[in-house]
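Residue numbers (my numbering), protein chains in the order written: chain A, 155 to 419; chain B, 809 to 1042.
Derived from the structure by calculation, the hints contain no laboratory data. Glycine residues also receive a C-beta, built at the ideal position from the N, C-alpha and C atoms. Each hint should be verified, as a subset may be incorrect.
[To be verified] Among the chain A residues that face chain B by a calculated CB cut under 7 Å, a handful are:
| id | residue |
| --- | --- |
| 1 | F264 |
| 2 | V406 |
| 3 | E411 |
| 4 | T415 |
| 5 | G416 |
| 6 | R417 |
[Claimed, not checked] Across the chosen pairs, the derived CB separations fall in these ranges:
| id | chain 1 | residue 1 | chain 2 | residue 2 | range |
| --- | --- | --- | --- | --- | --- |
| 7 | A | S206 | B | E964 | 46 to 52 Å |
| 8 | B | A901 | A | V406 | 26 to 32 Å |
| 9 | B | R824 | A | L389 | 31 to 37 Å |
| 10 | B | E874 | A | D347 | 26 to 32 Å |
| 11 | B | E823 | A | Q259 | 36 to 42 Å |
| 12 | B | L882 | A | V248 | 23 to 29 Å |
| 13 | A | H372 | B | E874 | 27 to 33 Å |
| 14 | A | G237 | B | G1028 | 39 to 45 Å |
| 15 | A | S373 | B | G834 | 36 to 42 Å |
| 16 | B | A827 | A | S344 | 23 to 29 Å |
| 17 | A | R228 | B | M830 | 39 to 45 Å |
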Amino acid sequence: MNVMQDVEKQVTDTEIKFAARNVNVFYGDAQAIKDVNVDIRDKMVTAFIGPSGCGKSTFLRCLNRMNDTIPICRVEGEIRLDGEDIYDKRVDPVQLRARVGMVFQKPNPFPKSIYDNVAYGPRIHGLARNKAELDEIVEKALRRGALWDEVKDRLHEPGTGLSGGQQQRLCIARAVATEPEVLLMDEPCSALDPIATAQVEELIDELRARYSVVIVTHSMQQAARVSQKTAFFHLGELVEFGETAQIFTNPVDPRTESYITGRIG
Amino acid sequence: MSEQHILSAFDRDIERIQAEIMKMGGLVEDAIRNAAKSLESRDVELADQVRAGDKAIDAMEERINEDTARLIALRAPTAGDLRLVLAVMKIAANLERIGDYAKNMAKRTRVLVDSPVVGDTASALRRMAMEVQRMLKDALDAYIQRDVELAEDVIERDKDIDQMYNALFRELLTFMMEDPRNITPAMHMHFIAKNTERMGDHVTNIAEQLIYVVTGERPGEDRPKADRTSTSKA
Chain A
155 MNVMQDVEKQ VTDTEIKFAA RNVNVFYGDA QAIKDVNVDI RDKMVTAFIG
205 PSGCGKSTFL RCLNRMNDTI PICRVEGEIR LDGEDIYDKR VDPVQLRARV
255 GMVFQKPNPF PKSIYDNVAY GPRIHGLARN KAELDEIVEK ALRRGALWDE
305 VKDRLHEPGT GLSGGQQQRL CIARAVATEP EVLLMDEPCS ALDPIATAQV
355 EELIDELRAR YSVVIVTHSM QQAARVSQKT AFFHLGELVE FGETAQIFTN
405 PVDPRTESYI TGRIG
Chain B
809 MSEQHILSAF DRDIERIQAE IMKMGGLVED AIRNAAKSLE SRDVELADQV
859 RAGDKAIDAM EERINEDTAR LIALRAPTAG DLRLVLAVMK IAANLERIGD
909 YAKNMAKRTR VLVDSPVVGD TASALRRMAM EVQRMLKDAL DAYIQRDVEL
959 AEDVIERDKD IDQMYNALFR ELLTFMMEDP RNITPAMHMH FIAKNTERMG
1009 DHVTNIAEQL IYVVTGERPG EDRPKADRTS TSKA
């Protein structure tokens, strides 16, 4: 118990990556997020849990302005990345998304080779001066995605030919190729079998050494396994946010207790 | 927590384990009561019943451990459910120990019937054991009713048990000093007294488990300790 608390203490000391203040999100007239305040810390995995429609994915998508692509979506309040307002007019959402990468529910590799999938981001952001540098970036990203050993001999085969779990790790490699600071993951394992899930979870734990990771998951056990901090959303509200070990052993809010013990859906 | 699980089988599993704990608690209460009674009335038959009954208590603990292990494996309990399951395992272990002490008391009764009576220490021991049994009953009631106040009261009452033990300890010493023929029965009486005092500690543990289930906090180490025989020179 004490060991665990010490570990948690260490992670609490990392700096704040995202600071969200009074965030409200609307789809037309419907309010999806109600006055959310949360600090997401660096080098730590933060899990968002909650029943379907609770706003956890919506809030995740606010963090790299993915909601900009939905015309009726309106975001109010303030979200700062390293103290900088990401909704400021001067911020280029494309540049923002290079800093805040994203992995989706279903693996969605481009219909290109494994190599080109990973090289895509570094190319458009001009991160490599020549082929050798690009090769290096691709290898590094695939290694971080825990996929290198499995694909190094077939880098020019289509990414869509990989298994589901490999495809998801390819998408993670693609997301880390641009050296992001934050990695957002929206249900990254929901389409994977338990072995592939375990591999991705192991990968998430490794990625934590380098990035701030935010993961939306329907699996509470997954949240418990991979995260250091957990946020419970319900009906658009952030009900409880705290250390994962505390949330799963002794949550403060009765709604959190009901949800994680399987009493409300 | 009055709310039901979406998965009703989960509720049924928990209810079964709760019922098993209560049944085991009942058996242990009987064991304490009968062991103390057999000691005071020198009833060897009743003492033998207590000794035989301990097997049923041990079997209950086995069953509770199996059922909680299965519940952990199949239901992955969290939060309040998790605390409950952890507490149940510890409560079963504490009850099992109390049962062992009762059995030991019954064993010594067999020896004591052939020895001289040591004053009225047998009655004093019975009073002490009856108080432990009442504490156990209250601890189990507190557990079922999620009554933190009652559990705290039980913990507080352990102080009285410690004091009763201190008094008995001195009394037995006096008897032994007066007449060496008292030494054998007095030593047995002393072991019984010490075991009864330990029963009180296990009851206290059970009450503490209930507080953990309800509040998520373990009561601090500042609980009253009044057994000073191990550090004083009589």
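Unmet hints by their number, sorted upward, for this structure: Per hint list: 1, 2, 12, 16 and 17 violated.
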